[in-house]
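A.B. asks: Turn these sequences into a full structure, and let the hints guide you.
Letter by letter, the chains look like this.
There are 2 protein chains.
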Amino acid sequence: MKTTITEDQNDAVLVPPTNFSMVEDCIYRSSFPQPCNFPFLQTLNLRSIIYLCPEPYPQQNLDFLQLHDIQLFQFGIEGKTDLSVSTGKDTIMEALKVLIDVRNHPVLIHCNRGKHRTGCIVGCLRKFQNWCLTCVLEEYKRFAGPKSRTTDLKFIETFDTINLRQCLYSIIYKYQGYASMKPRLMHKDDNLQKPQLASA
Amino acid sequence: MKTTITEDQNDAVLVPPTNFSMVEDCIYRSSFPQPCNFPFLQTLNLRSIIYLCPEPYPQQNLDFLQLHDIQLFQFGIEGKTDLSVSTGKDTIMEALKVLIDVRNHPVLIHCNRGKHRTGCIVGCLRKFQNWCLTCVLEEYKRFAGPKSRTTDLKFIETFDTINLRQCLYSIIYKYQGYASMKPRLMHKDDNLQKPQLASA
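Chains F and B, in that order, are what the protein sequence lines are. In terms of full-length UniProt numbering, the first sequence is numbered consecutively and its last residue is 200. In terms of full-length UniProt numbering, the second sequence is numbered consecutively and its last residue is 200.
Some hints here could point you the wrong way.
Said to hold, decoys possible - Quick list of in silico lysine to any residue cross-link-like pairs, SDA-like style, CA-CA up to 20 Å:
| no. | chain 1 | residue 1 | chain 2 | residue 2 |
| --- | --- | --- | --- | --- |
| 1 | F | Lys127 | B | Ser148 |
| 2 | F | Lys127 | B | Phe38 |
| 3 | B | Lys127 | F | Thr18 |
| 4 | B | Lys154 | F | Val13 |
| 5 | B | Lys147 | F | Lys127 |
| 6 | F | Lys127 | B | Pro39 |
| 7 | F | Lys127 | B | Ala12 |
| 8 | F | Lys147 | B | Lys154 |
| 9 | F | Lys127 | F | Thr158 |
| 10 | F | Lys141 | B | Lys127 |
| 11 | F | Lys141 | B | Val23 |
| 12 | F | Lys141 | B | Arg142 |
| 13 | F | Lys141 | B | Cys135 |
To be verified - Among chain F residues calculated to face chain B with C-beta under 10 Å, some are:
| no. | residue |
| --- | --- |
| 14 | Ala12 |
| 15 | Asn19 |
| 16 | Ser21 |
| 17 | Met22 |
| 18 | Val23 |
| 19 | Asp25 |
| 20 | Phe40 |
| 21 | Gln74 |
| 22 | Gly76 |
| 23 | Thr134 |
| 24 | Glu138 |
| 25 | Arg142 |
Derived by calculation from the structure, the hints in this document are not laboratory data. Don't be surprised by glycine CBs; every beta carbon is placed ideally from N, CA and C.
C.D. replies: Next comes the structure, spelled out in structure tokens:
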């Protein structure tokens, strides 16, 4: 059956990046997006990308970001790094602060293959969401497959998300209406100091 | 550190079912939910569950559904069925109609282990979303792991989603405002007959 060009475009086959998945409302994960993935990424209406490698972002990808007004947050973590060292922990914490800030959503997290660095940050997010450790590690392994790394699993297990809660409080109280649409990224803990709405 | 019962509840560890994942906005997949998963399921605010096995739903699960006003749609597909037979195709098509109807969202799809029957229906949904076949099958395999079945892969490859578009049209046109929040589940195809808003 012949179709017009317009119909072809509407029916164009979409190619998600390898290891693509939805993590949460408006949070996605994947391997490094290639130009063939751009039409698919457009359907996500991304506001930002969290990129976890130290290598410069390719010009084609930068052009795509500029065209669609997508902000790039780069956190240069070397491949095969043991993130348990203090700089690793700090970098993941900074990336998590960007990740949970709904002002950056919809957001795509990616590294190179979407297995290790991406798997670690998603693992930390799950801990922050109070997922039990077994389920957190099961999800990590599902994406890492036979490339699963013990150092990553240990990193996720020992990562402390308590400081992140304070950060989330400031975002929620500053953008209450917006954040209230994301109940699963909220926490109640009266032991933490809550920023005062009146002083904002 | 001692905490009160209230704080404990707020910080309760959540146990998602094995093979749990978000598929799309308001569409989730998993293995068979156990009572230990109920507190987690509560956070999803489910409106319905699509259950793909012929066995009766356990009383504990029925009680959970009743308590939270969740509708059960059961499509009894025997395990290890080759879905390519006509009754298999028809059953999957009926389940897909329930799945894409935003009036049933948020919805959880599950079978027993969340690998084969669930993997097939998600694979068909991806085809309907115009994902390239390689990516559709990659996703199936990620959840099936070493239990991946060639009959399932063939079923997904040959499943024809064209009839589903007509069905989606009726839903979109009937519930236009609601469906417009789900742009990725919409299709434009002028060759299909569109129900008239005026005649609704």
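A.B. asks: For every hint, state whether the structure bears it out.
C.D. replies: Going down the list of hints, with the structure as the test:
1. F:Lys127 x B:Ser148: violated (29 Å)
2. F:Lys127 x B:Phe38: The given pair, whose Cα atoms are some 18 Å apart, holds under the 20 Å limit.
3. B:Lys127 x F:Thr18: Within the cut-off at roughly 16 Å; holds.
4. B:Lys154 x F:Val13: holds (19 Å)
5. B:Lys147 x F:Lys127: violated (28 Å)
6. F:Lys127 x B:Pro39: Within the cut-off at roughly 16 Å; holds.
7. F:Lys127 x B:Ala12: holds (12 Å)
8. F:Lys147 x B:Lys154: The given pair, whose Cα atoms are some 27 Å apart, is violated under the 20 Å limit.
9. F:Lys127 x F:Thr158: Since the Cα atoms of Lys127 (chain F) and Thr158 (chain F) sit roughly 10 Å apart, the hinted pair holds (cutoff 20 Å).
10. F:Lys141 x B:Lys127: violated (26 Å)
11. F:Lys141 x B:Val23: holds (18 Å)
12. F:Lys141 x B:Arg142: holds (10 Å)
13. F:Lys141 x B:Cys135: holds (19 Å)
14. Ala12: With a closest approach of 7 Å, the Ala12 (chain F) hint holds.
15. Asn19: holds (8 Å)
16. Ser21: holds (7 Å)
17. Met22: Status holds, d = 4 Å.
18. Val23: Holds - the Cβ of Val23 (chain F) comes within 10 Å of chain B, reaching about 7 Å at its closest.
19. Asp25: Interface hint status for Asp25 (chain F): holds (7 Å vs cutoff 10 Å).
20. Phe40: holds (8 Å)
21. Gln74: Since the shortest Cβ distance to chain B is 26 Å, the answer is violated.
22. Gly76: It is violated, given that the least Cβ distance between Gly76 (chain F) and chain B is near 28 Å, above 10 Å.
23. Thr134: Given a least distance of 8 Å, the restraint on Thr134 (chain F) holds.
24. Glu138: holds (7 Å)
25. Arg142: Since the shortest Cβ distance to chain B is 6 Å, the answer is holds.
Hint violations for this structure: numbers 1, 5, 8, 10, 21, 22, all remaining hints satisfied.
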